[in-house]
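Colleague: The residues making up each chain are set out below.
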Amino acid sequence: MATTTETPVISVSEARGGAHEDLRAVAMIWRRELIRFGRNRTRLITAPAQPLLFLLVLGTGLGAVISRKTGDLDFRTFMFPGVIAMSVLFTAIFSAISIVWDREFGFMREMLVAPVHRSALVVGKCLGGATVATLQGCTMLVFAGLAHVPYSPTMFLVLIPEMALVAFTLTAFGTMIAGRMSQVESFQVVMQLVVFPLFFLSGAMFPLKGLPGWLMVLTKIDPLSYAVDPMRRAVFAHLGHHAAAAAHALNPGMSWNGWFIPTGLELVIVAALGLSMLGGAMYSFAKAE
Amino acid sequence: MSAAIVVEELSKRYGDFEAVKGVSFEVAPGETFGFLGPNGAGKSTTISMLCTLLTPTAGRASVAGFDVVRQRMEVRRRIGLVFQDMTLDEYLTADENLRFHAELYGVPRDETRQRLDRVLDMVGLTERRKSIVRTFSGGMKRRLEIARGLLHSPRVLFLDEPTVGLDPQTRSHIWAYINELKKAEAITMFLTTHYMDEAEYCDRIAIMDQGEIVVIDTPAALKASVGEDRVQISTDNDDAAIGLLESRFGISAVRSEGTVSFHVYGGESFVPRLFAELGLPIRSVSVARPTLDDVFMKYTGRTIRDAEASTTDLIRNNMWVRARAR
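Protein chains in written order, with this note's numbering: chain U, 44 to 332; chain E, 13 to 338.
Rather than coming from a laboratory, the hints here were simulated on the basis of the structure. Do not take every clue at face value.
Said to hold, decoys possible - Quick look at which bits of chain U chain E covers, simulated, 3 or more residues with Cβ under 8 Å:
1) 62-71
2) 148-159
3) 242-254
Computed from a predicted model, the values in this text were never measured in an experiment. Beta carbons are placed, not taken as given, at the ideal position from N, Cα and C, and that holds for glycine.
Given only the sequences and the hints, what does the whole structure look like? Please build it.
Modeller: Put into structure tokens, the structure is as follows:
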């Protein structure tokens, strides 16, 4: 051990504060998320397991039942954007909920006493969680071939920003919830009552067509529907002409009262929700002691 | 320069439980001020209010001239904090934890590297800087937290039970650095402890018990106020012994840690008289010069250990409260 008396002391200084300091905090919190993500190799490798199980087992099983309606199209191709959304959804919510662990293990206080605005902490967390969820979603793209989805660079160029957008919205949503959660145990409740309904109603697993009225209404309320649909449109646009008829059957697209919602508007809806969730997350942290 | 910390009638109440009952004190710039008391006395709650982590129920406080409720950000810019519980990210390395802190606490970029080296050197963790914190022992984690608290060189440093669970060598290293720091800079330190020897480093001590400050003074003055030696005896009949001490010597004794304990001037010369005149067999006797523990005893009627044993309910309450406060 070094001799303490030889250690020169550090002069007293005061943090200057201001926008520059807040930006540094945002960047550092973002980096922490990435460091933790990169370090957890097990999670990186095992995380695609559940979406793959859905794709390969559920997708194949359901495909066998409904093959007469889908014609040439593999049902797994339909499910592929759904399982990407699933991967992004679960990773984003998990990242956000890790705030509750931070609180449980005390690290949250290290952040809360810092001379930066609480909103900087929230923005950093949301960007970090969104980045991690997007990366996790990208690992699913590797398996496109299993669902007979082409490895098309132009399709990836559309899918990845869409993933990033929905990842951000979902992380902000999760952060807003986590701001009000005090116990790790509540995580299960959030999964059961919030995350699974969001997922099942989103059209990730079945086409949103010919459903009973009540279910149709719920799917249109589910914000995730407006994120899965653009991703599916991107995939189906790259399948070639032979799949066009089946695509029409399986990919009705989101509509309101018979009005077909353009992709751009869907993405605007997701983005607007993301920003309001971010506002909500900031509010819930501003009040936290 | 005005006081570094001013506290007026500060209280914190959780439902029916009043954790801090209207405490008032001032700490001068450059002073090392200690809160001494058992667990559950309200020390950590007071620190949390001063560090802007908890909102007081009543009263007011200012740190470095800024109000802890209305000017939180100004306060945070000037304070450093070493928490009682672990607040490291165990999945990051020691370096990464410090870097995180440097970025959030506005350490100038060009100085970060140099400061990291210094604080790691101080706590003897230079060789482990690239290791994940999860692999550290409890003592190493504590040292890293102290290094982190000093990294951004705050004007007012709060240390909540800073050296709990550290070996004596590390404790003396840390205190040596703190003393160096104090010589070079007008840094104000506010620490809570229930180690008597650590309280001796303080310029002034406030003894806290059950949410109230019982007395504030320098360690020397407090010890002088006790003056008397502390005598502990064990007998076959403690109740009878307490009665006899009262009737024959006019001494009021109390039961403490399984013995009968009392204070008397010139304890060593009193012992022969005690054996001759008590009229009850004495099995063992010990005489001690006054310590801060005796000071605590004098002002609260209990030793710190007794106070902790009897306030189990309060602690439980406090932990529940802390869990909610997070």
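Colleague: Which of the stated hints cannot be reconciled with the structure, identified by number in ascending sequence?
Modeller: 3
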